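Peer 1: What follows is each chain in one-letter form.
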Amino acid sequence: MTPTEPPPARGPAAPAAVRPPLPVKMVIAGGFGVGKTTAVGAISEIEPLTTEASITEVAAGVDDLTHTPRKTTTTVAMDFGCITVDPTLKLYLFGTPGQERFGFMWDDIVEGAVGGLVIVDTRRLDDCYAAVDYFEHKGIPFAVAVNAFDGKVEHSLEEVRWALDVSAGVPVVVFDARERGSVRDALLVVLELALARTEG
Amino acid sequence: MADGTADGAADGIPPPGPAPVGPAPAVRPYLVTAGRVADAASGRALPLETQVVATAEGLDALGRLSFEQHDIVAACRLPQSLAELAARLRLHLNVVRVLAEDLREEGRLAVYVPDAAATRDASVLRRVIDGLRAIPDSRGVPSDTD
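Residue numbers (the numbering used here), protein chains in the order written: chain C, 1 to 200; chain B, 1 to 146.
Honestly, I wouldn't trust all of these hints.
[Said to hold, decoys possible] Chain B regions said to be covered by chain C (calculated; three or more residues, Cβ under 8 angstroms):
hint : region
1    : 49-55
2    : 62-75
3    : 132-138
[Claimed, not checked] Calculated from the model, a selection of chain B residues having no Cβ within reach of chain C, i.e. all distances over 10 angstroms:
hint : residue
4    : T33
5    : A45
6    : R88
In short, the hints are calculated from the structure, not lab data.
No experiment lies behind these values; they were computed from the predicted model shown.
Think of the CB as a built atom: it goes at the ideal place given N, C-alpha and C, for glycine as much as any other residue.
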């Protein structure tokens, strides 16, 4: 009965002791109006948030004097959501801003992402070329998800694969951006691909 | 659904009445950072998902902090990503980046830069996969707009 031990810490831990979760980032890309925000909203535990971010656009020509591409920084609105896996792990889903212009860089958004999902509307396939090229160039694991608007897909997956000219290792799936389970399964395809890469 | 095409301002005459999108910010974004910008182009800027949380020191100093610094520390009682912070405080991401760096240097904010290698670790990916698999199908999501 010797009260020598100091009493254990009690009450709420000091705020500074709150250890944040490890954030894991995935990117949802595709043309304007293709269903990116819908997909994020279908599975996010919070209403999708919007923030202003910067992207760098590379002009089509080169500067005659310096022979370097002209770059300009543009502010764009970016939607995102998140899923808490457990208190130590949180998945963030960032929708890249729709961009149809010639060259652009999402590096600021995509840096460190474990994978990407390129959403495709088969009526406007060319809207997603930029996203496919970007992920291929960066070596980021990605899948193509054909959004079945009104439950219909106008082209077969083989036609989509041929039109996009993606390599055989890139999964092409059909999904419904409004359905949580469907978005979940599309994200799982990307994560399984990322996992397979780590296992060589 | 908003129609993003041309509206009435094309003739150069400002339309009467309030601005269509909401009031313009009273302060230009980079005024609050004294013109400093985050080094986004070089890839050395803090990633969007960087977690920030107020320190005890920061919360103690809350009453002495100015507007944006005050709001950031107050919002970071619980861990936040920079992206969430920017969205909730309606600040440009790059402004939040600069201010978060300042607050870290002053000891008022703990900034946890994500370790890209850790997030690509197989065991982490497996945990994310298991976590996602546990999410049930929804019974119809009302959202049908983009």
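Peer 1: Evaluate each hint against the coordinates.
Peer 2: Status of the hints after comparison with the structure:
1. 49-55: It holds: at least three residues are needed, and the region 49-55 of chain B offers 7 whose Cβ sits within less than 8 angstroms of chain C.
2. 62-75: With 0 residues close enough to chain C, the hint is violated.
3. 132-138: Holds, because 6 residues of the region 132-138 of chain B bring their Cβ atoms closer than 8 angstroms to Cβ atoms of chain C.
4. T33: Answer for B:T33: holds, closest chain C Cβ roughly 14 angstroms.
5. A45: 6 angstroms, violated
6. R88: 7 angstroms, violated
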